[in-house]
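Peer 1: If you're matching them up, the sequences are chains G and Y in order. Here my numbering is used: the first residue of the first sequence is 85, the next is one more, and so on. Here my numbering is used: the first residue of the second sequence is 85, the next is one more, and so on.
No wet-lab data here; the hints were simulated from the structure. Just to be clear, a hint being listed does not mean it is correct.
Stated by the list, open to error - Which residues of chain G face chain Y? A few of them, derived with a C-beta cut under 8 Å, are:
hint, residue
1, Trp150
2, Asp169
3, Lys172
4, Arg173
5, Glu174
6, Glu214
7, Asn498
What the hints assert, rightly or not - Anything over 12 Å on all C-beta distances counts as not near chain Y; from chain G, calculated:
hint, residue
8, Ala237
9, Arg239
10, Pro294
11, Ala305
12, Met428
13, Leu458
14, Phe487
All figures in this text were calculated on a predicted structure; none of them were measured in a lab. C-beta atoms are modelled at their ideal positions from N, C-alpha and C, and glycine is treated no differently.
There are 2 protein chains.
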Amino acid sequence: MTVRQSHRVVIVGGGFGGLAAARALRHAPVEVTLLDRRNFHVFQPLLYQVATGGLSPAEIATALRWILRRQRNTRVLLAEVTGFDPAKREVLLADGVVPYDTLILAAGTVPSYFGHDEWAEHAPGLKTLEDATEIRRRIYQAFEAAEREPDPARRAAWLTFAVVGAGPTGVELAGAIAEIARRTLRREFRAIDPATARVLLLDAADRVLPAYPPDLSRRCAASLARLGVEVRVAARLEHVDAEAIQVRRGGAEERIPTRTVLWAAGVRANPLGKRLADALGLTTDRMGRIAVAPDLSVPGHPDVCVIGDLALSAGPGGAPLPGVAPVAMQQGRYMGKAIRARLMGRTPRPFRYLNKGELATIGRAAAVANFGRLRFSGYLAWVLWLFVHLMYLVDFENRLLVFVQWAWNYVTWNRGARLIAHGWRDT
Amino acid sequence: MTVRQSHRVVIVGGGFGGLAAARALRHAPVEVTLLDRRNFHVFQPLLYQVATGGLSPAEIATALRWILRRQRNTRVLLAEVTGFDPAKREVLLADGVVPYDTLILAAGTVPSYFGHDEWAEHAPGLKTLEDATEIRRRIYQAFEAAEREPDPARRAAWLTFAVVGAGPTGVELAGAIAEIARRTLRREFRAIDPATARVLLLDAADRVLPAYPPDLSRRCAASLARLGVEVRVAARLEHVDAEAIQVRRGGAEERIPTRTVLWAAGVRANPLGKRLADALGLTTDRMGRIAVAPDLSVPGHPDVCVIGDLALSAGPGGAPLPGVAPVAMQQGRYMGKAIRARLMGRTPRPFRYLNKGELATIGRAAAVANFGRLRFSGYLAWVLWLFVHLMYLVDFENRLLVFVQWAWNYVTWNRGARLIAHGWRDT
Chain G
85 MTVRQSHRVV IVGGGFGGLA AARALRHAPV EVTLLDRRNF HVFQPLLYQV ATGGLSPAEI
145 ATALRWILRR QRNTRVLLAE VTGFDPAKRE VLLADGVVPY DTLILAAGTV PSYFGHDEWA
205 EHAPGLKTLE DATEIRRRIY QAFEAAEREP DPARRAAWLT FAVVGAGPTG VELAGAIAEI
265 ARRTLRREFR AIDPATARVL LLDAADRVLP AYPPDLSRRC AASLARLGVE VRVAARLEHV
325 DAEAIQVRRG GAEERIPTRT VLWAAGVRAN PLGKRLADAL GLTTDRMGRI AVAPDLSVPG
385 HPDVCVIGDL ALSAGPGGAP LPGVAPVAMQ QGRYMGKAIR ARLMGRTPRP FRYLNKGELA
445 TIGRAAAVAN FGRLRFSGYL AWVLWLFVHL MYLVDFENRL LVFVQWAWNY VTWNRGARLI
505 AHGWRDT
Chain Y
85 MTVRQSHRVV IVGGGFGGLA AARALRHAPV EVTLLDRRNF HVFQPLLYQV ATGGLSPAEI
145 ATALRWILRR QRNTRVLLAE VTGFDPAKRE VLLADGVVPY DTLILAAGTV PSYFGHDEWA
205 EHAPGLKTLE DATEIRRRIY QAFEAAEREP DPARRAAWLT FAVVGAGPTG VELAGAIAEI
265 ARRTLRREFR AIDPATARVL LLDAADRVLP AYPPDLSRRC AASLARLGVE VRVAARLEHV
325 DAEAIQVRRG GAEERIPTRT VLWAAGVRAN PLGKRLADAL GLTTDRMGRI AVAPDLSVPG
385 HPDVCVIGDL ALSAGPGGAP LPGVAPVAMQ QGRYMGKAIR ARLMGRTPRP FRYLNKGELA
445 TIGRAAAVAN FGRLRFSGYL AWVLWLFVHL MYLVDFENRL LVFVQWAWNY VTWNRGARLI
505 AHGWRDT
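Please put together the full structure from these sequences, using the hints given.
Peer 2: Structure follows, in structure tokens:
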């Protein structure tokens, strides 16, 4: 008996792009292998809610095996990818190899410190669930330390929170920390008043949400001010250490003592992008991304595709598509069609991104919505934000739990998932 | 102006006993300080559900500050207690001291390896949320490793789970792992069949649930057998390492290759008990517990009380009270009355434990209930178990989330909180 070897698609990364690609290949005559270091998919847009104790990690994560359990042509392997051998068509693992006929790299991004990697330990970024629980620990631990600190200056440093980067994640984090200080922790401390905490939001650009239209930036800044967030735009971060940050604005240099600095300023491609580019003899862009053809394959290598934040993919007008979930999901779904077309000997139509608009939330009942000519903010934008995020959660169980938790948080102002765990295995 | 120094009660430990004591002192004319290493209270009876991915850590944990926020005479301090100075009446912290007029030690227990502390790394116990997420990681990681293991013997070792100790926690863990293997993970793997996993439950006693009446032990053993758990009673554990366990039954010695060993065999007092006993010039019992007088104070030291699992407290007939949550909670509540009585110059009536019965669950629709002469098992006992555990959860939010999660798990057989997190900060 001879078994016909079917076409093997190997997907690296179970984020929005990789998972969408795996699902899109459900009925394709291929064998799919999805590789990830973690056994779960994370709904990244709500990571900041885990980082601020509003949601539990498992409420925004779903086991990849559970999602794909009925998809018989697909296997999930928990593995650490270390590199690629395009000549042999193999993905290299820490402990083995996985052969492919088509490779889809969807490994996403990591925080970028613009050449200051030494800042990372003092200013964690927010890309993984582990980052989120670490940030959560730092935020709530700072209030605990302040409660026990007799020295006023040191206490003030514990009660100063600096968020670097005023894109959507930075705005969400700063707004949530302000709400924690003013509302969630009210009444809970005896030696300090958490409401006296300072929350700083810094950006080198001249406005918050620099990628949004200026009128929405203004409305966002006004909402942040109402929450008590001190917005400092056109501010250059010069230095970060365990005790303070150094900021330059115009000609003035300022040192701000703070024990909690959070990084939402920039990302670069997962280092796997560079390894693939090196293996293929290509270069990456400044952010470490790999340029792809209109069908998302790497030029000259039709068996290698890159999707999501790691891909440098030209949008309408030639500008690169932004690193957002909708782009990754649409590219993942496109891969399903493209691979089927190629297997049938057809040339796939080029990928086209359909921009459905963008939403950013600032805090309770405050958000901004940008749908091109239609732009609005406030309560309506916030309700839309809630609705869209609930609908896009992968699993019904997550939707149900997040809905219950949000309703409860809304009524009580509490954030029930605010665990400070020590030691090497957190909760 | 002179401020009258009110009586300072310092409670070490925010578990069932310490928290009940703090709450019972709500209206007492005292200043309460509750010290804990963690910022949350854990509902320990459901830890095994976190360890098996059925519930999220935050669903069974509640911030101590949140519980006590309206209790103005009480402060919570996040601190590591290192010892005691009874002469100065001070609790010693890693970074300071806290003076007391009355000390209540409620620091609970830690796993005991009967002189084999080297087994701890291979066989984690289940006393903290960190333990629970570590056990969860090991259980689910074992299936992932088996999926990638080509060698049949090594694969079988990954698919063998040994639970040591057949008390309620061991029975619950073994039953849950069997359900994970037979139901939760069905369809999710391609190279292995999770249902082939072996789940062993070992105990040196001659029956499971040795503290329960023999007829309930029999019914429990029958339920475990139906779930596919291999029960080995009268089995002595001789050795544990990373690859196998060595078990002696009667004269026969057996080596069982397994990569996942969980410890539910025994506990001893938190080492803080020994430190307090040394400071007071007393001895502890074999388990490290401190003997207390009928009013739960340490004989000869009326300003020092010990409650919960750390106290060696005589029950009716003189036998020591068991280390279970109801004893700790009743002792905590008793402290409220006892301290108030003493402040008014009265001698408190002795503590009396009211045993309301006990429940242990084996798995879906299977539990045993022991109310003295009234004993039953099966579906009714299981529903009662669900109800009692929901009602005793400290916080309404937890009750709501656990209820939703349980309902969902019941319908889908899924365990949504099964995250395998790597690195130093888990989720």
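Peer 1: Provide an ascending list of the numbers of those earlier hints which the structure does not satisfy.
Peer 2: Checked against the structure, the hints that fail are numbers 2, 3, 4, 5, 14, while the rest are satisfied.
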